[in-house]
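Colleague: If you read the protein sequences in the order shown, they are chains A and B. Heads up: the first sequence at position 36 corresponds to 36 in this note's numbering, and the numbers run straight through without jumps. One rule links them: number in this note's numbering = place in the second sequence (from 1) + 340.
FYI, nobody ran anything at the bench for these hints, they're computed from the structure. Even for Gly, the Cβ is constructed at its ideal location relative to N, Cα and C. Incorrect hints may have been included.
Which chain A residues face chain B? A few, computed with CB under 10 Å, are given here [to be verified]:
# : residue
1 : 29
2 : 100
3 : 103
4 : 204
5 : 237
6 : 300
Residues per chain are reported as follows:
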Amino acid sequence: MLVSVAELNSKAIRFKKFEALLEQPIVDMDQLKKLSWMGVPEEIRHTVWKLLMGYLPTNSTLREKILAQKRGEYDDYVQQQFSDEGKAGLDQALVHQIHIDILRTNSNIPLYQSTVIQESLERILYIWAIRHPASGYVQGINDLATPFYQVFLQSCVSDDVERTDVSLISKETLNQVEADTYWCLTRLLDGIQDNYTHAQPGIQRQIVRMKELINRIDGQLYAHFQKEGVEFIQFAFRWMNCLLMRELPLKSTIRMWDSYQAEGIEALSEFHLYVCAAFLVKWSAELKKMEFQDIIQFLQAAPTASWGDRDIELLLSEAFMWKALFGSSPQHLKNNNPNQ
Amino acid sequence: MSKDDEYDYLFKVVLIGDSGVGKSNLLSRFTRNEFNLDSKSTIGVEFATRTIQVDGKTIKAQIWDTAGQERYRAITSAYYRGAVGALLVYDIAKVSSYENVNRWLKELRDHADSNIQIMLVGNKSDLKHLRAVSTEEAKNFAAENGLTFIETSALDSSNVEPAFQKILTEIYRVVSNNALKAGESAGAPKVNAGTTITLNNAVDTSKKPSGGCC
Ligand SMILES: Nc1nc2c(ncn2[C@@H]2O[C@H](COP(=O)(O)OP(=O)(O)O)[C@@H](O)[C@H]2O)c(=O)[nH]1
Ligand SMILES: [Mg+2]
Chain A
1 MLVSVAELNS KAIRFKKFEA LLEQPIVDMD QLKKLSWMGV PEEIRHTVWK LLMGYLPTNS
61 TLREKILAQK RGEYDDYVQQ QFSDEGKAGL DQALVHQIHI DILRTNSNIP LYQSTVIQES
121 LERILYIWAI RHPASGYVQG INDLATPFYQ VFLQSCVSDD VERTDVSLIS KETLNQVEAD
181 TYWCLTRLLD GIQDNYTHAQ PGIQRQIVRM KELINRIDGQ LYAHFQKEGV EFIQFAFRWM
241 NCLLMRELPL KSTIRMWDSY QAEGIEALSE FHLYVCAAFL VKWSAELKKM EFQDIIQFLQ
301 AAPTASWGDR DIELLLSEAF MWKALFGSSP QHLKNNNPNQ
Chain B
341 MSKDDEYDYL FKVVLIGDSG VGKSNLLSRF TRNEFNLDSK STIGVEFATR TIQVDGKTIK
401 AQIWDTAGQE RYRAITSAYY RGAVGALLVY DIAKVSSYEN VNRWLKELRD HADSNIQIML
461 VGNKSDLKHL RAVSTEEAKN FAAENGLTFI ETSALDSSNV EPAFQKILTE IYRVVSNNAL
521 KAGESAGAPK VNAGTTITLN NAVDTSKKPS GGCC
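So here's chain A without its partners, still in its complex pose (with noise of 0.2 Å):
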């Protein structure tokens, strides 16, 4: 493929921006929020995301302590449910409902074949799990840990971690990276737990503004779907549920997450609103012409094993744009968000 120079020298321009960011002693959350929407080059993707979920002070004389404090205070919750005398007190029901879900995680990708991989992510999960009873795991999280376990993980091995040779990192990276996930998915996880409590309510809440910003953006798909008996619930669920990654590749959504990250905790649930209306207006002519069941088959499996930064840069562009014109309106869009 051809790379232009100017492309070349625009990437090394931001990269260099992003050095000089990281190496404030303070660092500046504005511009590095500002630089971030645009996407993170991967070099630096780690610490990046580290820092924008807050679990890196913004100031770097109290990073190294924290982090030990943080790894330690991880090591020892691990210690506690999986030492020998720890195990026979699991909830065992637990245990296999996460073994099954990560053994069926990402099985396109050779990482996540790996024994030692899949049992790190199932420690994750349960630790994460009986610490928030009101919720507890729910299938879907399991997506959600990964992106963070992978671009954690990228930063110790030198080529690329989606085929690394496991065997090759050591116990301490790999434990690093486990409490590293653990932590930012649980600051993830923090900002949507509504999304996975009892008849998950804030996934409820997201639909119906969805099926209202629809009607607004493009009401002639809107009336096609009631015509045809298309619940938005039937297909969006998933797309709350999982924060569309079950629709995109593993890799877009991390370039997504650069953005959502950048936009702060809400965007989870507020400008993933926005993103989730862009992604299905994309097909809006397609699925104009189609009957109830295509049209549920089609967004079951929307056509994007293809996608690359550029069709995510897009669809957030989009998002971004909707989200300008309608986010700050007053009137009935907002008044389903009794959260707001």
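Use these hints to put chain B with the ligands onto chain A, whose structure you have.
Modeller: Coordinates of chain B with the ligands only, in the frame set by chain A:
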């Protein structure tokens, strides 16, 4: 309009049972002849269709595959409405999935139409060395509870075709039988009331599986 859309009856069927018993693979085996050892877990509800022949009639099955996890019950049970058949699946190698059959039956009693045809399906029959639920026991349980019973393997395909064929045939028989009796019996179940009405109803319900899922 594609050939696929020319049918005499449209039946909505749901697939239920514990997570991991093989519901999604039974569906992909039946509708696309595919099996995938690492297919992703089902989130909420997924959908597929296939058309088959029963007694010279073209029956289109609209099948809703559900997530097995408890947390999704509130979402998935909304899809039971209007379903004329249910495949209640357990894993012959996992006792707890069989023990939970009673809970699933209760779910159906609470949320589905009372005349829904239910088939108990013991899946993963290829795992002979790991069998934990005997055929005999499940067969007796099914008989006691008025369910049809079959063991299948989505992996090696055995009995998958017959399972769907059988439940769709049963549904068809009930529907056409009730259609005949419709004039006489005022208490005829609503799904089965009258040939034309039944057909239209069936089409309507499945075209608009709306019923309070939001
Ligand atoms: N041996 C065997 N494995 C199966 C069979 N059906 C499904 N599986 C496996 O069981 C796991 C869960 O299957 P899935 O269809 O996702 O189950 P669901 O959660 O009920 O939808 C997957 O690893 C499947 O490959 C079967 O008939 N035999
Ligand atoms: Mg499934």
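Colleague: Would you list, in rising numerical order, the hints stated earlier that this structure does not obey?
Modeller: 1
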